[in-house]
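**Student:** Here are the chains, one letter per residue:
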Amino acid sequence: DVKVTQSSRYLVKRTGEKVFLECVQDMDHENMFWYRQDPGLGLRLIYFSYDVKMKEKGDIPEGYSVSREKKERFSLILESASTNQTSMYLCASSRASPRPAGSVNEQFFGPGTRLTVL
Amino acid sequence: GENVEQHPSTLSVQEGDSAVIKCTYSDSASNYFPWYKQELGKRPQLIIDIRSNVGEKKDQRIAVTLNKTAKHFSLHITETQPEDSAVYFCAASKGYSSASKIIFGSGTRLSIRP
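These protein sequence lines map, in sequence, to chains A and B. If you count the first sequence from 1, you need to add 683 to reach my numbering. If you count the second sequence from 1, you need to add 45 to reach my numbering.
Worth flagging that the hints you see were computed from the coordinates, not collected in a lab. Just so we're clear, the structure is a prediction, and the values are computed from it rather than from any experiment. Worth double-checking, as some hints may not be accurate.
Stated by the list, open to error - Which residues of chain B face chain A? A partial, calculated answer using Cβ under 7 Å:
1) P89
2) F134
3) G150
4) G152
To be verified - Just the calculated beta-carbon pair ranges, DEER-fashion:
5) B:R96 with A:G723: 27 to 33 Å
6) A:T799 with B:E101: 41 to 47 Å
7) B:K87 with A:D709: 16 to 22 Å
8) B:Q90 with A:E755: 29 to 35 Å
9) A:G723 with B:H117: 18 to 24 Å
All C-beta atoms, glycine included, are put in the ideal place defined by N, C-alpha and C.
I would like the entire structure built from these sequences, with the hints used as guidance.
**Tutor:** The following block contains the structure:
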């Protein structure tokens, strides 16, 4: 059974603080993702990683950075938190696509971190 | 870039009736279309998916249809039950061999009236 965990369920920070959100998966998945979920906007991809030390920007990377030093852990960093980053943050992981190319694997989500920036 | 539009944003149906959620996508190269269900306070979970070489797929009370020409795909839930109440997300992907990036729709909040 795939397990994706996130370091906090609820987090309250102040404007300008540096914020770390941690995600850990225990299924040896190659791919990991960070999304933010806002009402009416669905799940928007912030960053993703398909291998250790590899990262690619998603649709809304501004104001965020990521770190993947180990295969099982993917961190989202808010360098200087702002009120418009108040949101639900969801981490997900998936296996690398099997060969031949063109296949996509299910993404398994963590429970989410509700971040409030005051 | 790729865009996925989802309608309606909210849907209320009588228990036992059918529910239909529709999505359109912009990138004709998309070839994989999953649907995720998120119950209140829980994480999204995959409930069904369809690939571009298939026009329809069924799993018990749930079915998905795909019209590649029109770039439309839909989720159909028959004989709805209270446990179907949730937010449903459609998504599209081009199925890259590495990162499997998925673009999600904005979600549909489905409510089942007793």
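**Student:** Taking the earlier hints as the rules, which of them does this structure contradict?
**Tutor:** Violated hint (a single one): 8; every other hint is consistent with the structure.
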